[in-house]
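**Q** If you read the sequences in order, they're chains X and P. Last residue of the first sequence: 361 in the working numbering, with the numbers rising by one and none dropped. Last residue of the second sequence: 490 in the working numbering, with the numbers rising by one and none dropped.
Calculated directly from the structure, the hints in this document are not laboratory data. There may be inaccurate statements among the hints.
Heads up, simulated DSBU-like pairs for lysine-lysine below, C-alpha to C-alpha not over 30 Å straight-line [to be verified]:
id: 1; chain 1: X; residue 1: Lys287; chain 2: P; residue 2: Lys372
id: 2; chain 1: X; residue 1: Lys82; chain 2: X; residue 2: Lys348
id: 3; chain 1: X; residue 1: Lys120; chain 2: X; residue 2: Lys3
id: 4; chain 1: X; residue 1: Lys3; chain 2: X; residue 2: Lys76
id: 5; chain 1: X; residue 1: Lys173; chain 2: X; residue 2: Lys78
id: 6; chain 1: X; residue 1: Lys3; chain 2: P; residue 2: Lys378
id: 7; chain 1: X; residue 1: Lys120; chain 2: X; residue 2: Lys78
id: 8; chain 1: X; residue 1: Lys120; chain 2: X; residue 2: Lys76
id: 9; chain 1: X; residue 1: Lys3; chain 2: X; residue 2: Lys210
id: 10; chain 1: X; residue 1: Lys267; chain 2: X; residue 2: Lys348
id: 11; chain 1: X; residue 1: Lys345; chain 2: X; residue 2: Lys356
id: 12; chain 1: P; residue 1: Lys378; chain 2: P; residue 2: Lys465
id: 13; chain 1: X; residue 1: Lys340; chain 2: P; residue 2: Lys372
id: 14; chain 1: P; residue 1: Lys378; chain 2: X; residue 2: Lys120
id: 15; chain 1: X; residue 1: Lys3; chain 2: P; residue 2: Lys465
Quick list of the computed label-pair ranges, beta carbon to beta carbon [said to hold, decoys possible]:
id: 16; chain 1: X; residue 1: Pro302; chain 2: P; residue 2: Glu395; range: 34 to 42 Å
id: 17; chain 1: X; residue 1: Leu341; chain 2: P; residue 2: Gly474; range: 55 to 63 Å
id: 18; chain 1: P; residue 1: Ala366; chain 2: X; residue 2: Gly238; range: 43 to 51 Å
id: 19; chain 1: X; residue 1: Ala275; chain 2: P; residue 2: Val437; range: 40 to 48 Å
id: 20; chain 1: P; residue 1: Pro469; chain 2: X; residue 2: Asn244; range: 52 to 60 Å
id: 21; chain 1: P; residue 1: Gly474; chain 2: X; residue 2: Arg12; range: 33 to 41 Å
id: 22; chain 1: X; residue 1: Ala275; chain 2: P; residue 2: Glu380; range: 53 to 61 Å
id: 23; chain 1: X; residue 1: Ala326; chain 2: P; residue 2: Ser487; range: 52 to 60 Å
id: 24; chain 1: X; residue 1: Glu126; chain 2: P; residue 2: Ala443; range: 22 to 30 Å
id: 25; chain 1: X; residue 1: Leu341; chain 2: P; residue 2: Pro469; range: 32 to 40 Å
id: 26; chain 1: P; residue 1: Asp447; chain 2: X; residue 2: Gly216; range: 27 to 35 Å
Covered stretches of chain X (in silico footprint by chain P; criterion: 3 or more residues with CB under 8 Å from a CB of chain P, positions within the stretch not fixed) [what the hints assert, rightly or not]:
id: 27; region: 29-38
id: 28; region: 283-295
Think of the CB as a built atom: it goes at the ideal place given N, C-alpha and C, for glycine as much as any other residue.
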Amino acid sequence: MLKQTPLNQTHRDMGARMVDFGGWDMPVNYGSQIDEHHQVRRAAGMFDVCHMLVVDVTGAGIREFLRYLLANNVDKLKEPGKALYSCMLNPVGGVIDDLIVYFMTDDWFRIVVNAGTAEKDVAWMERQRAARAPQLSIKPRRDLAMIAVQGPQAREKVWQAIPGARAATEPLKPFQAAGFAQYFIGRTGYTGEDGFEIMLPQQEAAALWKTLHGLGVAPIGLGARDTLRLEAGMNLYGQDMDDNVNPLEAGLAWTVDLTSPRDFIGKQALLAQPAAMQMLGLVLLDKGVLRGHQKVVTPHGPGEITSGSFSPTLNQSIAFARLPLAVALGDTVQVEIRDKLLNAKVVKLPFARNGKSLINL
Amino acid sequence: MSIPANLKYTKSHEWAKLEADGLVAIGITHHAQELLGDMVYVESPAVGRQLAAGEECAVVESVKAASDVYAPVAGVVVAVNAEVTDTPEKVNQDAYAAWMFKIKPANPADLDGLLDAAAYRALVESEAH
Numbered sequence: 001m002l003k004q005t006p007l008n009q010t011h012r013d014m015g016a017r018m019v020d021f022g023g024w025d026m027p028v029n030y031g032s033q034i035d036e037h038h039q040v041r042r043a044a045g046m047f048d049v050c051h052m053l054v055v056d057v058t059g060a061g062i063r064e065f066l067r068y069l070l071a072n073n074v075d076k077l078k079e080p081g082k083a084l085y086s087c088m089l090n091p092v093g094g095v096i097d098d099l100i101v102y103f104m105t106d107d108w109f110r111i112v113v114n115a116g117t118a119e120k121d122v123a124w125m126e127r128q129r130a131a132r133a134p135q136l137s138i139k140p141r142r143d144l145a146m147i148a149v150q151g152p153q154a155r156e157k158v159w160q161a162i163p164g165a166r167a168a169t170e171p172l173k174p175f176q177a178a179g180f181a182q183y184f185i186g187r188t189g190y191t192g193e194d195g196f197e198i199m200l201p202q203q204e205a206a207a208l209w210k211t212l213h214g215l216g217v218a219p220i221g222l223g224a225r226d227t228l229r230l231e232a233g234m235n236l237y238g239q240d241m242d243d244n245v246n247p248l249e250a251g252l253a254w255t256v257d258l259t260s261p262r263d264f265i266g267k268q269a270l271l272a273q274p275a276a277m278q279m280l281g282l283v284l285l286d287k288g289v290l291r292g293h294q295k296v297v298t299p300h301g302p303g304e305i306t307s308g309s310f311s312p313t314l315n316q317s318i319a320f321a322r323l324p325l326a327v328a329l330g331d332t333v334q335v336e337i338r339d340k341l342l343n344a345k346v347v348k349l350p351f352a353r354n355g356k357s358l359i360n361l
Numbered sequence: 362m363s364i365p366a367n368l369k370y371t372k373s374h375e376w377a378k379l380e381a382d383g384l385v386a387i388g389i390t391h392h393a394q395e396l397l398g399d400m401v402y403v404e405s406p407a408v409g410r411q412l413a414a415g416e417e418c419a420v421v422e423s424v425k426a427a428s429d430v431y432a433p434v435a436g437v438v439v440a441v442n443a444e445v446t447d448t449p450e451k452v453n454q455d456a457y458a459a460w461m462f463k464i465k466p467a468n469p470a471d472l473d474g475l476l477d478a479a480a481y482r483a484l485v486e487s488e489a490h
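Chain P on its own, in the form it takes in the complex:
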C-alpha cells in the first residue's frame, strides 16, 4: 500500500502536503482512488474560496461513484490543478502527484492535528476488516 511518509492524511482519505512556500497541496490517497476506480471527473473549489477545516469543497467522480473531498485544514484556495481537472485519470496514475488544489493555511500548525502515515495506514487496515 502506497502511503508516503512525508504527507499528512485525513480520515476521509485526503492527503495534505506542506510545501516549501507555506502552501498546502491537497489530493486524495492512493487507497481512495483504488476504491473509486477509474476517475472521470474532478471538480475543484474556486480560487479565493475560504475553506473551514472539514468543509466539503471538491468532488471526484469515477465511473462507479461520486465522492466528496473535504478540506483537511482551514485556509483560502490559491490554486487548482487544471491538469487533473482536464485529465482525471492522473489521479489513478499517481494519486500523490495529482494534487487537486492548494490552500494558504489559516494556521500551518493545524497540519499537526492530521494523521501521519502510520496512523493512516492503521486506519486503512482497520477499514479492510
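So that you can see chain X by itself, here it is in the shape it has in the complex:
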C-alpha cells in the first residue's frame, strides 16, 4: 500500500498521472511535463512536497549538537528564521541525507529531510541525540503538510492566497523563513526560481492548494520538479549522492565546512580521502538524451552521469557527471549512449536560474 499525502485526491481530481515515488503515491504530471516546467520558469507553479519530513529539534544545547551532526556549520545561522543547506554524513564521509535546517530560537531548530530517507534520518539523529545530547527532543512532524510555490509570480500568488502573510514574509531574504498564524513560510525551493515553501496543518493543505489553483498557480508534478532542479544545478539524493558517495565528489564542497576547527561526523574521513573526482555539468552537443549511469569517456579517464534529462529551457539534453579532476570547463567529452559515443560540452553549474539559460556554447 503506497503512502498518500493529504493532497492525493486533489491530484486525482486535477487529472494527475500518479506514480510510485519511493513508496509514495505522487503526481508525475498533470498532462505535459514540459508545459509544467515552463509554467514555473515563466509564471508560478505549485508542488506537493508533503512526502518530505519536517523534524523539530528542541532543547538546550541544540546548536552544539547540530554543529557536530551536520557537515555545514550551523554557526552561519545568526538571525532567527535563517536556513542552511547541509549534508548529514556518516562516519566514513558518505551522505546519509541532504537537508535544510532552520534556526528558529536558541532551543528550536527545524529540519526538513527527504521522503525516501526520512526513517533512516530520524533513527540516525535519535542515536546521536541519545549518545551526545539526551536532553534534546527530536520530533517528526507528520502532522504538517508542505506545499512549494515557485516561479517569478509565486510570492505574489501566495500573498493573494493567504491574506495577511505579506507583512511577515515580504521582508524575507532567500533562505529565510517566518511563522505566520498556522503557517511556516520559507523563501526556499528546488527549482532555481524565487518562491516559498509553506508548511501548514495537514487538514488545510487541500484548501490552500485549491485557492492557489484558482489564482492561476499551475499544479506541477515530480517530472517537471526533476528537470527544474537539474537545470538549477541542485542535487537529488539517491541519484547524485548517497551513503557511499563523498560529498566533495558530488559538487557539495561548498556545503562542507572543513575550515573551522569544529569536529563533525564524517570530517576525519573527508580529510583522510581527498576528492578524486569532481561533479560538473554536461550539455549534449549531438542529438539524444543524457541519462543517469551513462559512461563518460574523457582523455583523463572514465566518468559517469549521475542525473540527466532533457532541459526544456535550453531545448537540449543536460546532465550532472562525475568526472576526473583533470577535466576542465569547456572540454568536449564523449558519452556512451547505447552503441554510440556522442559529444558533450563540460559546463559550469547551474544551467539556468530565474527563467534564463546560463549556458553559452
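Keeping the supplied structure of chain X fixed, place chain P upon it in accordance with the hints.
**A** Just chain P, lined up with the frame of chain X:
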C-alpha cells in the same frame, strides 16, 4: 482510450498499418506515448536495414525515459519519417499519424499474427490493474 480498429498492435505497444502499396507503417500507440510523456527524441532504423520480427530497431525518448521500439513483423526498412525525427512531439499530438518508419514486409500475412484492436485494448486494460 484511442485504439483505431484498422491497425494491428504488438504487446510492446507498437502499431502497424498495412498500406495500399503493400508497405507497413509503424509507430507507437497512444497509450505508449501517454505512459512516456513529452517526447524529445526519436531514433529510427536506417533505410535498407533488414529487420527480424521482434527486433529492437528504434528508440523513443521522452523527458522521463528511453524506450525501445521493436519491429512488429520481419521486413526491410524502406522509409523513415523525418518529420517525427525532427519534431518528436508529433508522437504526443497524434500517435497514429506519427509513423516512425515503413517496412516492406517479408511476408504480409505475418500481420495476421499481431493483436487486433480488441485484443490490444484488453492488454492495456489488464496492465492498468
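**Q** Take the hints in turn and mark each one as holding or not.
**A** Here's how the hints hold up against the structure:
| no. | hint | result |
| --- | --- | --- |
| 1 | Lys287/X with Lys372/P | holds, 28 Å |
| 2 | Lys82/X with Lys348/X | holds, 27 Å |
| 3 | Lys120/X with Lys3/X | holds, 17 Å |
| 4 | Lys3/X with Lys76/X | violated, 36 Å |
| 5 | Lys173/X with Lys78/X | holds, 14 Å |
| 6 | Lys3/X with Lys378/P | violated, 42 Å |
| 7 | Lys120/X with Lys78/X | holds, 29 Å |
| 8 | Lys120/X with Lys76/X | holds, 26 Å |
| 9 | Lys3/X with Lys210/X | holds, 22 Å |
| 10 | Lys267/X with Lys348/X | holds, 26 Å |
| 11 | Lys345/X with Lys356/X | holds, 19 Å |
| 12 | Lys378/P with Lys465/P | holds, 12 Å |
| 13 | Lys340/X with Lys372/P | holds, 28 Å |
| 14 | Lys378/P with Lys120/X | violated, 52 Å |
| 15 | Lys3/X with Lys465/P | violated, 50 Å |
| 16 | Pro302/X with Glu395/P: 34 to 42 Å | holds, 37 Å |
| 17 | Leu341/X with Gly474/P: 55 to 63 Å | violated, 38 Å |
| 18 | Ala366/P with Gly238/X: 43 to 51 Å | holds, 44 Å |
| 19 | Ala275/X with Val437/P: 40 to 48 Å | violated, 52 Å |
| 20 | Pro469/P with Asn244/X: 52 to 60 Å | holds, 55 Å |
| 21 | Gly474/P with Arg12/X: 33 to 41 Å | holds, 38 Å |
| 22 | Ala275/X with Glu380/P: 53 to 61 Å | holds, 58 Å |
| 23 | Ala326/X with Ser487/P: 52 to 60 Å | holds, 53 Å |
| 24 | Glu126/X with Ala443/P: 22 to 30 Å | violated, 60 Å |
| 25 | Leu341/X with Pro469/P: 32 to 40 Å | holds, 39 Å |
| 26 | Asp447/P with Gly216/X: 27 to 35 Å | holds, 33 Å |
| 27 | 29-38 | holds (count 4) |
| 28 | 283-295 | holds (count 4) |
In terms of the numbered hints stated before, the structure departs from hints 4, 6, 14, 15, 17, 19, 24, listed from lowest to highest.
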